[in-house]
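Chemist: With chain A's structure known, arrange chain B on it following the hints.
2 protein chains.
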Amino acid sequence: MIGMGKFDISTPSGFPEFSPAAEQLRQQWVATIQSVFTKYGFISLTTPLVEREENLLGKGGNAKEMYALKRVHDDPNDKSHSGNALRFDHTVPLALYVARHFNDLTFPFKRSVIGPVFRGERAQKGRFRQFDQCDIDIIGNGKLNVSNDALVVAVIVEIFQKLEIGEFVVGVNNRKILTGMAKDLGIDPKAFLDLWDDREKISEEAFQSRLESFQAQSGKVIAALEKFKSISDEDFVKNWVSGKTQACYNAIIKFGESFGEESLRGARELVLVLEILDKRLKVDRRHFAPNLFLARGLDYYTGTVYETMMIRHPEFGSICSGGRYDDLAEIFTRKKLPGVGISIGLTRLFAQCLSAGIITPTKASPTQALLIAADEEAMPKLLEIGADLRASGIVAENYLEDKKLSKQFDYADKLGIPYCVVMGENELRDGVVQVKDMKNGKQKTVSSEQLSDYLQSCLD
Amino acid sequence: MIGMGKFDISTPSGFPEFSPAAEQLRQQWVATIQSVFTKYGFISLTTPLVEREENLLGKGGNAKEMYALKRVHDDPNDKSHSGNALRFDHTVPLALYVARHFNDLTFPFKRSVIGPVFRGERAQKGRFRQFDQCDIDIIGNGKLNVSNDALVVAVIVEIFQKLEIGEFVVGVNNRKILTGMAKDLGIDPKAFLDLWDDREKISEEAFQSRLESFQAQSGKVIAALEKFKSISDEDFVKNWVSGKTQACYNAIIKFGESFGEESLRGARELVLVLEILDKRLKVDRRHFAPNLFLARGLDYYTGTVYETMMIRHPEFGSICSGGRYDDLAEIFTRKKLPGVGISIGLTRLFAQCLSAGIITPTKASPTQALLIAADEEAMPKLLEIGADLRASGIVAENYLEDKKLSKQFDYADKLGIPYCVVMGENELRDGVVQVKDMKNGKQKTVSSEQLSDYLQSCLD
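So the protein sequences, as listed, match chains A and B.
Under the working numbering, the residue at position 435 of the first sequence is numbered 435, and the numbers go up by one with no gaps.
Under the working numbering, the residue at position 6 of the second sequence is numbered 6, and the numbers go up by one with no gaps.
The following block holds chain A by itself, in its conformation from the complex (with noise of 0.2 Å):
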């Protein structure tokens, strides 16, 4: 317990919050992130985060999980503050706005979204109760073409790129491939999806029995995982890496063939997918690949899903998953809705590779030059420095205590900001003032015209 007398001044259990340099960088993170999103027209929504209790319990909310608000010191006569509840993700939201608004809205309605969501988890290392999440859906109005499935890795593909966190891979598949087989294979769809999605977390063995219990056709299985080699040996991973995608395709095609029409189905969706990717979207092909053992848990994909692995950390788990889903908003509108989208856990996310060391805040200020008067009459005339720089677009500002000239430097060094420019009684004198980089030392005597045009420079 930390605080003074009666107070735990510790933040809740679950609820992080950083240090301003990390906090800095975290915001670099959500701009370009945003900046992606914006990119490709997604429009960015902010709605709010309560929404009614039996809405969100009616989409998959977990009751144990989902934070009821109630007013500390309650008013038993006024019933409008019960029955709202934090929101738990943003697809109930998404849902709800798109029900509400549907007149309004054109579609494809492509929205982004960028904020907390609330989980009321046991608190443990990496679980977070209050979390941003970085979604981005495409919903259709009764239909919604399967070219949206590729666009939305792209963008995945960007992002991930553009924050540097280095090596990663968006595997994509088609539901369809998997529920065709299960039913082909006289399986049924969810239990297969369920043995699937655990096939990594579970022993051969262990897999072999469930998978045995089924009590299908037992040859007929065993010649379907036979199959499965075609489709993630060394040769289909090599053809992948090296280009040769035809042929890639081609095993995905057969696979799928093998195993009735809506195994075919998703086959052909996965491949134009990829195909999109690849030849139109020219994405880099390391940054993603077809992985069919790919099936992710929740219920409502239908189609293409997609989950997003760090190569050098997969004990992060998914870093961006997400899918093709039929209907958005079944429970709160007639209108069909189909979607496809994906969400990126960005706190979790970034609290992995800040403990990795993946990555480094090193500036706590957005500052980029320091005004310091070594003495006090130099502070007006530093004071509309200041203010000129601003207006020519340089982040400056001035050190307004009575501190030592050492104090003033310290200030910049511990906030990271890289110059400060000083003015004492003979500088203004001599309209000149001296610029300090703050990473050498080195002391420059620059006149004061001059100083706006000379730190764009050495900020460029």
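Don't take every hint at face value.
Which copy is meant is left open, because identical chains are indistinguishable; a pair holds if it fits in one copy or across any two.
[What the hints assert, rightly or not] Simulated crosslink set (BS3-like; lysine-lysine; CA at most 30 Å straight-line):
{"hint": "1", "residue 1": "Lys143", "residue 2": "Lys64"}
{"hint": "2", "residue 1": "Lys183", "residue 2": "Lys229"}
{"hint": "3", "residue 1": "Lys244", "residue 2": "Lys381"}
{"hint": "4", "residue 1": "Lys336", "residue 2": "Lys404"}
{"hint": "5", "residue 1": "Lys70", "residue 2": "Lys125"}
{"hint": "6", "residue 1": "Lys229", "residue 2": "Lys254"}
{"hint": "7", "residue 1": "Lys363", "residue 2": "Lys162"}
{"hint": "8", "residue 1": "Lys414", "residue 2": "Lys143"}
{"hint": "9", "residue 1": "Lys238", "residue 2": "Lys282"}
{"hint": "10", "residue 1": "Lys414", "residue 2": "Lys335"}
{"hint": "11", "residue 1": "Lys220", "residue 2": "Lys335"}
{"hint": "12", "residue 1": "Lys444", "residue 2": "Lys282"}
{"hint": "13", "residue 1": "Lys414", "residue 2": "Lys404"}
{"hint": "14", "residue 1": "Lys444", "residue 2": "Lys381"}
{"hint": "15", "residue 1": "Lys407", "residue 2": "Lys238"}
{"hint": "16", "residue 1": "Lys254", "residue 2": "Lys244"}
{"hint": "17", "residue 1": "Lys79", "residue 2": "Lys64"}
{"hint": "18", "residue 1": "Lys381", "residue 2": "Lys282"}
{"hint": "19", "residue 1": "Lys162", "residue 2": "Lys279"}
{"hint": "20", "residue 1": "Lys279", "residue 2": "Lys436"}
{"hint": "21", "residue 1": "Lys79", "residue 2": "Lys125"}
{"hint": "22", "residue 1": "Lys444", "residue 2": "Lys414"}
{"hint": "23", "residue 1": "Lys227", "residue 2": "Lys279"}
{"hint": "24", "residue 1": "Lys282", "residue 2": "Lys143"}
Keep in mind that the hints were calculated from the coordinates and are not lab data.
Modeler: The following block gives chain B in isolation, referenced to the frame of chain A:
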């Protein structure tokens, strides 16, 4: 009640959301405010939305308006979820942050924040239960120079100029002038400030009778009110606007002097702040002015106080207020942390400006160019062009659905997309596209290679 079947899908009362076009404009406001905060070197911080209830209550939280968190299905064995509540402002979270991170912070600590706060007030027009506030504060360690009080005014003025919401003025006063005056008149300072706050809401008679109820020497009170004319009459205002600032400063100092030492100190601080704003930071005097009638209700202000009025919309009330306080976090830490800060009630101001017609949303999408395939064969090439345009910095979006051309133009029209790029089989063969300016309907044939440059020149 809207929605189908058993679900009421409307937003909970007091939790506003906006149309896509209004939301884009609101986010432009956020970006503008953020950019000005940054320009002055403020460190942008996002702290948790949830804090310990006892800390919020200890620092002025109103239990009747505060939302506590409670899981919908709570587990009595897991106490870690109880005792937390949603923040009701940004000041208490800042006090907690500074107390928690004191040793890692560099002072003066200049932080900005833009984000939601929650108040369980009675629902009524213009009152929200979730709303965004934009705050800046400068926190000193032990001391903080009064020139900081000028800086925050410069920030406010620059923001409202950039938001282009019409004429406004930041009124500046210094509480010490009023508290010194009350003491000199033998009136309880708090009661005096309260009356002062109510001055414009109550009748002249009510004001007079409350003044008399203080049982101060009534002759002295009347003489004091008489003196107020010298710092608020027509001449004073005329002098201020026309740049005869020295006459105003003299009047303020003389006024302060006549009520003893505390008032004089306040008057000197006020003049210093005004002088820096006018002479050093060159802030337009139409946008700030001394207003010695200003008291600001909150107990904790001890020096400079601000409020901002829109000249043509006094019914909006103060759109940005704040002031100087002696100690940010006295209940959380023994460190003395004087500060100065202001807060813009963003959601409220935005909603007011929308409904008063001061701002008009026009663009529901960030897209600058919509790519339309007039024939299916053109789609692959258009996807490539879309990727190229984005790579060159243009927000370009492919229309991917199988719809009539007219529907595709409708999409651009409704979202306010300024240009459509159309390619059919002829254009595909000839290596050109048709660029349609959606504002005037004019169409131009442009070669695919020159498209990016052409669009860029149109957009500039």
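Chemist: If you check each hint against the structure, which ones fail?
Modeler: 1, 11, 15
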